[in-house]
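Colleague: So the chains spell out like this:
Protein chains: 2
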Amino acid sequence: MHTRLRVELGARSYWIHIAPGGLAKIGAAMTETFGAAKRTLVVTNEVVAPLYLDCVLGSLQEAGWEAHACVLPDGEQEKTVQRWGEVIDALMELRLARDEPLVALGGGVIGDLAGFAAATYRRGIPYVQVPTTLLAQVDSSVGGKTAVNHPLGKNMIGAFHQPQLVWMDPRTLRTLPARELRAGFAEVVKYGLIRDAALFAWLEQHAEEVLGLADEALVHAIAASCRNKAEIVARDEREAGERALLNLGHTFGHALERLVGYGQWLHGEAVAVGMRMAARLSRLLGLCDEEPEKRLCALLERAGLPLVAPRFAWEAWREAMGHDKKAQGTRLRFVLLRGIGKAFVEDAVPEDAVRRVVEELSRA
Amino acid sequence: MHTRLRVELGARSYWIHIAPGGLAKIGAAMTETFGAAKRTLVVTNEVVAPLYLDCVLGSLQEAGWEAHACVLPDGEQEKTVQRWGEVIDALMELRLARDEPLVALGGGVIGDLAGFAAATYRRGIPYVQVPTTLLAQVDSSVGGKTAVNHPLGKNMIGAFHQPQLVWMDPRTLRTLPARELRAGFAEVVKYGLIRDAALFAWLEQHAEEVLGLADEALVHAIAASCRNKAEIVARDEREAGERALLNLGHTFGHALERLVGYGQWLHGEAVAVGMRMAARLSRLLGLCDEEPEKRLCALLERAGLPLVAPRFAWEAWREAMGHDKKAQGTRLRFVLLRGIGKAFVEDAVPEDAVRRVVEELSRA
Numbered sequence: 001m002h003t004r005l006r007v008e009l010g011a012r013s014y015w016i017h018i019a020p021g022g023l024a025k026i027g028a029a030m031t032e033t034f035g036a037a038k039r040t041l042v043v044t045n046e047v048v049a050p051l052y053l054d055c056v057l058g059s060l061q062e063a064g065w066e067a068h069a070c071v072l073p074d075g076e077q078e079k080t081v082q083r084w085g086e087v088i089d090a091l092m093e094l095r096l097a098r099d100e101p102l103v104a105l106g107g108g109v110i111g112d113l114a115g116f117a118a119a120t121y122r123r124g125i126p127y128v129q130v131p132t133t134l135l136a137q138v139d140s141s142v143g144g145k146t147a148v149n150h151p152l153g154k155n156m157i158g159a160f161h162q163p164q165l166v167w168m169d170p171r172t173l174r175t176l177p178a179r180e181l182r183a184g185f186a187e188v189v190k191y192g193l194i195r196d197a198a199l200f201a202w203l204e205q206h207a208e209e210v211l212g213l214a215d216e217a218l219v220h221a222i223a224a225s226c227r228n229k230a231e232i233v234a235r236d237e238r239e240a241g242e243r244a245l246l247n248l249g250h251t252f253g254h255a256l257e258r259l260v261g262y263g264q265w266l267h268g269e270a271v272a273v274g275m276r277m278a279a280r281l282s283r284l285l286g287l288c289d290e291e292p293e294k295r296l297c298a299l300l301e302r303a304g305l306p307l308v309a310p311r312f313a314w315e316a317w318r319e320a321m322g323h324d325k326k327a328q329g330t331r332l333r334f335v336l337l338r339g340i341g342k343a344f345v346e347d348a349v350p351e352d353a354v355r356r357v358v359e360e361l362s363r364a
Numbered sequence: 365m366h367t368r369l370r371v372e373l374g375a376r377s378y379w380i381h382i383a384p385g386g387l388a389k390i391g392a393a394m395t396e397t398f399g400a401a402k403r404t405l406v407v408t409n410e411v412v413a414p415l416y417l418d419c420v421l422g423s424l425q426e427a428g429w430e431a432h433a434c435v436l437p438d439g440e441q442e443k444t445v446q447r448w449g450e451v452i453d454a455l456m457e458l459r460l461a462r463d464e465p466l467v468a469l470g471g472g473v474i475g476d477l478a479g480f481a482a483a484t485y486r487r488g489i490p491y492v493q494v495p496t497t498l499l500a501q502v503d504s505s506v507g508g509k510t511a512v513n514h515p516l517g518k519n520m521i522g523a524f525h526q527p528q529l530v531w532m533d534p535r536t537l538r539t540l541p542a543r544e545l546r547a548g549f550a551e552v553v554k555y556g557l558i559r560d561a562a563l564f565a566w567l568e569q570h571a572e573e574v575l576g577l578a579d580e581a582l583v584h585a586i587a588a589s590c591r592n593k594a595e596i597v598a599r600d601e602r603e604a605g606e607r608a609l610l611n612l613g614h615t616f617g618h619a620l621e622r623l624v625g626y627g628q629w630l631h632g633e634a635v636a637v638g639m640r641m642a643a644r645l646s647r648l649l650g651l652c653d654e655e656p657e658k659r660l661c662a663l664l665e666r667a668g669l670p671l672v673a674p675r676f677a678w679e680a681w682r683e684a685m686g687h688d689k690k691a692q693g694t695r696l697r698f699v700l701l702r703g704i705g706k707a708f709v710e711d712a713v714p715e716d717a718v719r720r721v722v723e724e725l726s727r728a
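Chains as they are written, first to last, in our numbering: chain G, 1 to 364; chain U, 365 to 728.
Looking at chain G on its own, in the form it has when it is part of the complex (with noise of 0.2 Å):
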């Protein structure tokens, strides 16, 4: 069941590999990877580290490679410069070469922290993701985003590096809370709706098996996801066109998270009510009919993720989308659709039409 998948980027390409079961045999990868076993730091948090740190060290030791553990306090709230500059020193203590890699060890708070380090430590050095979210596994560990928060604002200070191993057990999800699964969830649905229609069936018919985390059902998600944002990584690695596509019921997502207070709606929760303002918003447009929107909300309900957001002020939701109070009746940018797997970027969506969709899908 071991899937490997190859992410194309001329010198900078890597592959992905999804093994249930996996964990235990990372050194024997990272050996084959680098050529030879050599130094390395894992980089890792409070509560993974109870549970997968001591496979991965073990493995890695067995493999003959010098292991090293800086572990960091687990949260979005860590995701700063100052636990940025713990991983430096704890590089720069071990003086770690060029050539000897760095591996993230966790979800996508730690494969964007210990990402950013590995891009800045001697000016790049080489990074292994071992993401143990279903969220990061299908989404953060690939495409080189690393980055830290600013009090100012989320993701502002990073770099773009990519990996040169992505090494996912999908049986680390095991032990994943089961709300963090189902926001997981809908960034799978998400490749379906934006360019991926058979993914989005299969998941119509399997996911429960997903959910219930059965290897081979999980494996096919991962794969079809990381296939996805590979192919769109590897056209657009830059973020200059295509990879906005990604953005998919982010716009809407965004502002909720912020609207709400961050930390109270997970990311992918946000995201599912997201995509179905999108569909909303298509179909209000014009561009489809009521059958994305529909399907859309049959799957998310049966992950259990949430369909509507909490009401606020017209004016809130405007802010919190970013748009500058003093212009008013301006045309907006979204991620939409003209059917499920057929998503692109509008750049001049009519301001009266978004708020139509965000009444009508709040509340009361």
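Note that these hints are calculated values from the structure, not bench results.
C-beta atoms are modelled at their ideal positions from N, C-alpha and C, and glycine is treated no differently.
Lysine-lysine pairs mimicking DSS-like chemistry, simulated, CA-CA at most 25 Å apart:
1. U/K658 - U/K706
2. G/K38 - G/K25
3. G/K154 - U/K402
4. G/K294 - G/K342
5. U/K389 - U/K402
6. U/K518 - G/K38
Each pair of labels, with its calculated beta carbon distance range:
7. U/R599 - G/E291: 50 to 60 Å
8. U/K518 - G/P151: 25 to 35 Å
9. U/R602 - G/R174: 38 to 48 Å
10. G/E32 - U/A728: 50 to 60 Å
11. U/E723 - G/A240: 53 to 63 Å
12. G/D54 - U/Y626: 38 to 48 Å
13. G/A214 - U/P515: 44 to 54 Å
14. U/R535 - G/G263: 48 to 58 Å
15. U/E573 - G/P151: 49 to 59 Å
16. G/D347 - U/K518: 43 to 53 Å
17. G/G322 - U/R599: 40 to 50 Å
18. G/D352 - U/D463: 25 to 35 Å
For chain G, the structure is supplied; the task is to place chain U on it using the hints.
Modeller: This is chain U only, laid out in the frame that chain G set:
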């Protein structure tokens, strides 16, 4: 006399301009480079600001730019993560967009630090190098190396991020302390020694004109240096091979800077002695006759640069060159010469030859 050179790096190619009196024309140059006047942040320091900031801001505003300034304290000791964070804060407060450039106005410290801010704000925004020291004009402003220092090592935190324009006015050197001018001259000599015998011979004819800041001679010396650097960088952007030649004299030089205490010697002064040591080492190893060292010393002497090091114990040199104290009798990596303009990297230099050179070229 306005001269321009292209650094060929595919999609990351850019122009270097060398224009006496050109500082007051930077606004128009930036509009040409970026297509239209936008917003920009000029990063500089407290020494350069009183001399040139008004001129730069005035030229930008005249060309329609909304130009803001960020003025940092001067000095190598300010090339820190903390100061980088201040530049990031300034960018965040302005909410500079992904297509709005930063301008680095100053010497190597400002270029490296502001360049690193441009490399990491929003995962990379465009930037313009406006170097005001000879060292920065002939070396650090070209090639895309950005960095700040870590308490445990110089330039250990950084990124490769190419500027979109390098805009040099040699007349800014009129306010540069004479000692810094001479130190920068050592780096010009270095290009002659590495790969440009014609430049070396030209310097032997025109050293006093360059050091006397004659426009025409300066433009020639800077352009020739940048041409050499641009060719090397074009072939080896990320320092995997040929770019290592630029380290001629630097193994000895960095060790010397460390031994005398950072800040006591200027980088170029230490590199001057280091180049002489590399020439002597090459002769000892039978790679060339005494001519390179002789001509090099004659040229460095005319610029008032040092030719010998203070005396330190060999063990101190060894450690300062970064060698493991435990590994005795190892073979070391140096850039050596087969003649003037004929440098190459040698990975297996016997330690006793290095020791002999250091002892011969230290003052009693």
